Amino acid sequence: MAIFTAIASLVAAASSFFAGLSVIGAFVLQTAAGIGLNLLAKALAGEPEKPTFSVQGKLQSGGDVPRSFPVGYTATAGSLVYSNEWGASSKTPNAYHVQVIAVSDLPIASLAEVWVNGEKVTIDSTAHPDYGFPVLEYRDDDKDFLWIKFYDGNQTVADPYLVSKFSASERPYQSTRVGRGVAYVICTSRVHEELFTGFPQFKFAVNGIKLYDPSKDSTVGGTGAHRWNDRSTWGGDGDHLPAVQVYNLLRGITFAGQWVYGLQSLPAARLPVAHWISQIGKCRVSNATTGNKPIYRAGGEIQVNAQISEAIGAMLTSCQGRLPEIGGTYKIYVGAPGAAVFAFDDDDIVSTAEQSFTPFFGLADTINGIAAKYPSPDEGWNTKVAPPLYNAQFEAEDGKRRLMADVSLDFVPYDAQVQRLISSALEEARRARRHTHVLPPSYWGVEPGDIMSWSSVRNGYVNKLFRVDGVVDDANLDVMVDLTEVDPSDYDWDQAVDYRTPTSGFVGKPYPPVQPMQGWAVAPDVVTDETGTSRRPAIRISCAADQDDVQRVHVQVRVKATASVVFDSDATAYASPFSWLLSGGWTLPATVYQARGKFVPYSARKTDWSAWLDVTTPDVRISIDDLTQDILDKLTELDEWISEDLLNKVNQTISDLNDAVEKIDQEEQDRIDGAIEAAGKYRALLNEIESIRDYVANADYAGYTAREEIRRTITTRLESSIATFDERITTA
1 MAIFTAIASL
11 VAAASSFFAG
21 LSVIGAFVLQ
31 TAAGIGLNLL
41 AKALAGEPEK
51 PTFSVQGKLQ
61 SGGDVPRSFP
71 VGYTATAGSL
81 VYSNEWGASS
91 KTPNAYHVQV
101 IAVSDLPIAS
111 LAEVWVNGEK
121 VTIDSTAHPD
131 YGFPVLEYRD
141 DDKDFLWIKF
151 YDGNQTVADP
161 YLVSKFSASE
171 RPYQSTRVGR
181 GVAYVICTSR
191 VHEELFTGFP
201 QFKFAVNGIK
211 LYDPSKDSTV
221 GGTGAHRWND
231 RSTWGGDGDH
241 LPAVQVYNLL
251 RGITFAGQWV
261 YGLQSLPAAR
271 LPVAHWISQI
281 GKCRVSNATT
291 GNKPIYRAGG
301 EIQVNAQISE
311 AIGAMLTSCQ
321 GRLPEIGGTY
331 KIYVGAPGAA
341 VFAFDDDDIV
351 STAEQSFTPF
361 FGLADTINGI
371 AAKYPSPDEG
381 WNTKVAPPLY
391 NAQFEAEDGK
401 RRLMADVSLD
411 FVPYDAQVQR
421 LISSALEEAR
431 RARRHTHVLP
441 PSYWGVEPGD
451 IMSWSSVRNG
461 YVNKLFRVDG
471 VVDDANLDVM
481 VDLTEVDPSD
491 YDWDQAVDYR
501 TPTSGFVGKP
511 YPPVQPMQGW
521 AVAPDVVTDE
531 TGTSRRPAIR
541 ISCAADQDDV
551 QRVHVQVRVK
561 ATASVVFDSD
571 ATAYASPFSW
581 LLSGGWTLPA
591 TVYQARGKFV
601 PYSARKTDWS
611 AWLDVTTPDV
621 RISIDDLTQD
631 ILDKLTELDE
641 WISEDLLNKV
651 NQTISDLNDA
661 VEKIDQEEQD
671 RIDGAIEAAG
681 KYRALLNEIE
691 SIRDYVANAD
701 YAGYTAREEI
711 RRTITTRLES
721 SIATFDERIT
731 TA
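Residues 1 to 732 (our numbering) make up the sequence shown, in order.
These are computed hints drawn from the structure, not numbers from a lab. One or more hints might be untrue.
Said to hold, decoys possible - DSS-like, lysine-lysine: derived pairs with alpha carbons at most 27 angstroms apart:
(1) Lys58 - Lys149
(2) Lys149 - Lys165
(3) Lys606 - Lys143
(4) Lys282 - Lys293
(5) Lys331 - Lys282
(6) Lys58 - Lys120
(7) Lys120 - Lys606
(8) Lys143 - Lys120
(9) Lys293 - Lys120
(10) Lys373 - Lys293
(11) Lys293 - Lys331
(12) Lys143 - Lys165
Please read all numbers here as calculations on a predicted model, not as lab measurements.
Please take these sequences and the hints and turn them into a complete structure.
This is the structure we're talking about:
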């Protein structure tokens, strides 16, 4: 029984026609090879397929959303799992809006980027303990209004933040909502009339599911620690290579031992590992001609209701790939044709068997230019058209007609790779020579996908390369082959020469530019009295004059050593001379401060802070002049009370001592000693008061030009006991 094999060929623009052969074999063989063309080849042949794997740009919801998972680098708006509101900000109820969005129904490698309302945002590296990581573009005056928290699908418990906030709500988030195997994002947004005009809309760029890479499995001929039966070893750069992605789809995508997508229970023996490892290596090639990136990468979201053949076809378009099925085994061929594995000449062809030759395409199947669409990360993952590819020589050959083909490369989010693909596709699409003939049994080993070298005097071929697109094994062991011409030079590409930089449009909101602080300066200064004497340290700030739409200036001052803000006010009116003196209880002498400022506009537009500038305050200290009259009056009153009352007490003590001289006995002596001790305490107190007076008087003593002093001292001795009274009066 004859075996018919179809091969998905990237650019073999088929023009299969029946050349009057009497035997049905050649016609069936050509038809079988023709229907195996992949999406790009069909588009080049005038049979465009409806795109199946374009980026999902709108959030899905409802119970009929098909499960999906990403492979490679791609983006999705995801599907809404849960939403609710909570809390209050100032007087606004339900100020916080929470959305739980699933981005994959299988665990994935990582969250790569976040797009909010059409623009790529920056995620802060410091997370809030509950809400997640703040989005810097939604931070206003050091307050955050949007947070992102990501789970990769390997979580084992429900998010505690959601459980705690919504356990008592009408739509509770139970602790059982773990989402095993589901990668999801929690988006918490806080109401802000200028930042949000409605609920924020998101796109998430992700690195998809981790895949098994046989080229990294040392037990099957590769190099590395990957093992098919140990998913913890999976993942790496192979996740982005189309040959690895196709391999995993053929082996079957599973989770927790359950089949999810792809073929089921396909034995590894049906995917010849040595061949697959060699083709994975071709995808991984990276050099200057490819922009130092792997020559073939792929990424997209696969919905489980999509035909497996369509998913594989989309991956094959990303690597100029072909996937023949040969007697139950699958081999992939990527990129440029390899070396010939068989060679023959005219004498090897069975002359008694049927032959056919297609020298050129019909006009309907001819193309001389290509326009390609692809998802562009630079434009918010919207569909972008690559720079169209034209060829004046081809147009002249086709009667000065421009014959364009439109293709969709849904799995190629890389602009340089798109240009490489359509360049080689156009070159190969011009190769119309197609032969069908029979070879003897010595060519029994020929398989679809092989490259054969043919030297033909009749056709003028010298070691010309042909790709085997189909094989029929006859009962007599002869082999019928369907051949299409190929040339490795069709795949020549030099990134530095051939790449054309695409024009990217603006993505995001048309925000007016943030106005920076202009002319900001700080300097040390002092506060003086009416005589011009420096009384307090101060800081002088200034900014540029004649700025439009400026009402006030917001100023902050902090201690440099501690970063503690000691002054924060937006009440400084913007007016001439556009210079202001700052002083108060916080301005310490000889201290290094830092000051910054920003404009406060009349409108709602954004302004930005200046840099923190250093300034050291002058060393101006408090003097005697800083004592108020009230303090001086209190000191005078205290001085008078101390001088009069204490003197009376001391005199009375002396009098008591004199009276006791004549009747001293031991008991009286003890009493006298106690009195003397008490007098000593009073004397000590008087000395303390005198010290205070001396300190105050001497605060600026060096400045006095005239001083007068009188002193009175009284001393009484009684054997070993001495009583002394000392009084000083000083004027300066």
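Tested hints:
1. Lys58 - Lys149: Holds, at about 20 angstroms.
2. Lys149 - Lys165: holds (15 angstroms)
3. Lys606 - Lys143: Answer holds: Lys606 to Lys143 is near 14 angstroms, not above 27 angstroms.
4. Lys282 - Lys293: holds (12 angstroms)
5. Lys331 - Lys282: holds (14 angstroms)
6. Lys58 - Lys120: holds (16 angstroms)
7. Lys120 - Lys606: holds (19 angstroms)
8. Lys143 - Lys120: Given pair Lys143, Lys120 holds - Cα atoms ~20 angstroms apart, limit 27 angstroms.
9. Lys293 - Lys120: holds (23 angstroms)
10. Lys373 - Lys293: holds (21 angstroms)
11. Lys293 - Lys331: holds (25 angstroms)
12. Lys143 - Lys165: Given pair Lys143, Lys165 holds - Cα atoms ~21 angstroms apart, limit 27 angstroms.
Violation of the numbered hints given earlier is absent; every hint is satisfied by the structure.
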